[in-house]
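Participant: What follows is the residue order along each chain.
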Amino acid sequence: MAKLGAVVEKVRSKNAGPFWLTIDIFCGSAESFNRVDRQLSTGAVAKTLQQDEGSFKRFSMPELNVLKFSVPRPHVQGSRLDRDMHGAQWALLIEEIDLAD
Amino acid sequence: MTKVLIPTGALGLGFDSDALDAGVAAAPDIIAIDGGSTDSGPYYLGTGTSKYSRNTTKSEWRALMVARAQAGVPLVIGTSGTCGADQCVDWMYDITIELAAELGQSLKIARLYSDQSGEVVKQALCENHIKPLHPAPAIDGTVLDDCTGIVALAGVEQIQAALDTGADIILAGRTTDTAIIAALPLARGANAGGAWHGAKIGECGAFCTTDPRSGTIMVDFDETGFSVKPMANGVHCTTQTVSAHMLYENSDPFILYEPGGHLDVTHSHYQQQDVNTVRVSGSQWVTATDYTVKLEGSRIVGFQTVAMSILREQRYIENVDQWVDGIRDSVAERITNNQIAEPEEFDMEFRLIGRDSALGALESPTTPPREIGVMAIVTARSQAMATEIAKMINPYLLHHPLTANEATPTFAFPFSPAEIPRGPLYEFCINHVMVLDDPMDAFRLETTEVHNG
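Taken in order, these protein sequences are the chains called C and W.
In this text, residue positions in the first sequence follow my numbering: the first is 1, and each later residue adds one.
In this text, residue positions in the second sequence follow my numbering: the first is 102, and each later residue adds one.
Derived from the structure by calculation, the hints contain no laboratory data.
These figures come from a predicted structure and were not determined experimentally.
Treat the hints with care, as some may be off.
List time: in silico DSSO-like cross-link candidates among lysine-lysine, alpha-carbon distance up to 27 Å [stated by the list, open to error]:
#1 C:LYS14 with W:LYS152
#2 C:LYS57 with C:LYS10
#3 W:LYS159 with W:LYS209
#4 W:LYS209 with C:LYS57
#5 C:LYS14 with W:LYS209
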């Protein structure tokens with residue numbers, strides 16, 4: 001098993017407006033991209049963030065070696081239950097997902 | 102050919118002054134800069150205030166006003182003062198007037214206002230002119246009445262109207278990030294897909310280059326597309342850095358909705374023109390049937406007081422959930438017994454800094470930390486009630502024992518008083534668009550002339 005963070009260059013999560021969260025996985029190479037695109041299921045990301053798989057949008061962008069996910073924010077940005085105004089910490093959870101060898 | 106000089110991603114972020122000088126020397130047709138976004142949260146729209154210091158803003162704006170005078174072209178700022186409320190446009194106007202006097206500049210200044218009254222939006226809601234985006238919170242007359250700030254995001258048409266006044270400086274309220282950049286190229290007949298795409302790539306300044314901190318870039322628009330290059334020495338645009346910017350803060354990297362239509366970059370072609378410059382063509386603009394503008398609204402949903410205590414003793418750290426539950430139960434009982442508040446009038450939350458305060462239930466447990474900061478957040482119907490409840494929590498945060506039979510412990514309070522009233526809690530409560538018959542229907546334009554020297 002390998003942590004996703006060890007296989008890719010960088011994972012970034014960020015608000016896309018107050019109502020959406022977007023996660024960009026910069027794989028850094030075609031080899032890494034192909035592996036992550038094949039092994040990282042939308043379901044695994046949804047489970048990590050405890051959201052419905054059906055609410056995710058997934059974009060595979062081989063020309064950039066980027067895999068991108070977008071999902072409505074679990075809590076609207078800045079509302080009482082939101083813990084991270086800019087949504088940047090979710091990326092760290094994605095980096096900790098295990099990929100099969 | 103229309104050249105748009107973008108000094109940096111947002112006024113207040115700073116820029117390389119040599120890069121700005123190089124940009125001015127390259128003869129731009131307009132200087133465009135963004136002044137904000139929703140990214141700092143609902144407080145700014147709720148209060149109509151800026152996140153950046155007035156001194157920082159004034160100092161950077163001075164450099165841009167000097168650059169404008171040198172270049173002899175219009176200077177436009179969108180989303181003035183973080184949120185683009187009318188009050189923030191006037192804040193920028195005051196700064197501009199001060200600087201004009203200090204610099205001895207005579208100017209024509211246009212102010213574009215984006216505030217919406219709750220009454221107008223309610224009327225539009227009744228007439229079915231308000232459409233939800235996904236995910237949209239439910240809105241009704243009560244929600245709209247509660248809003249302390251509502252703005253509509255202007256597009257290119259409103260910025261073009263401001264440019265048509267012949268203004269030297271345009272201080273715009275809320276606009277889309279792209280509108281201030283795309284407006285002049287589109288007015289001069291640039292390719293529509295290219296204009297919107299180049300504006301999106303350029304909206305964060307040098308974020309689309311190899312050195313985001315260098316700030317300044319130039320986007321050159323024409324009949325088939327655009328090219329983009331950094332103004333700082335040793336910085337490059339590559340096909341990778343440019344195309345990757347479509348990902349940034351965008352839920353869909355191929356489609357971008359704007360007033361009047363949407364941009365589709367599915368078939369865009371990115372080409373390295375020279376070592377610094379990237380050329381982009383093939384972007385599509387799709388005009389919508391209805392002309393819509395997005396609305397943003399912020400309302401007060403309560404008042405908060407926070408208090409903080411720091412646990413260092415290992416036994417308390419290992420049993421922190423039990424400790425917090427004990428405090429919550431004791432305080433809740435006292436609130437009920439003393440008739441301080443009804444259960445629906447307040448909320449008490451304890452966030453454990455050092456354990457899981459950033460991610461909550463998503464966090465996975467690790468070995469106990471050396472210390473835990475316990476941040477009690479009270480949200481209540483009034484500020485007085487929130488502070489009253491925080492004061493009731495205070496002795497527990499200081500002295501609550503894990504068991505009945507131990508000597509009274511004392512934990513670390515960082516402040517006196519321990520309670521910090523935070524004021525109102527604001528919430529973004531609108532994610533809708535409004536249909537307009539005429540783009541200027543929801544916006545107001547005012548021009549003034551100042552004479553100095």
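Participant: Which hint numbers doesn't this structure obey?
Facilitator: 4 and 5
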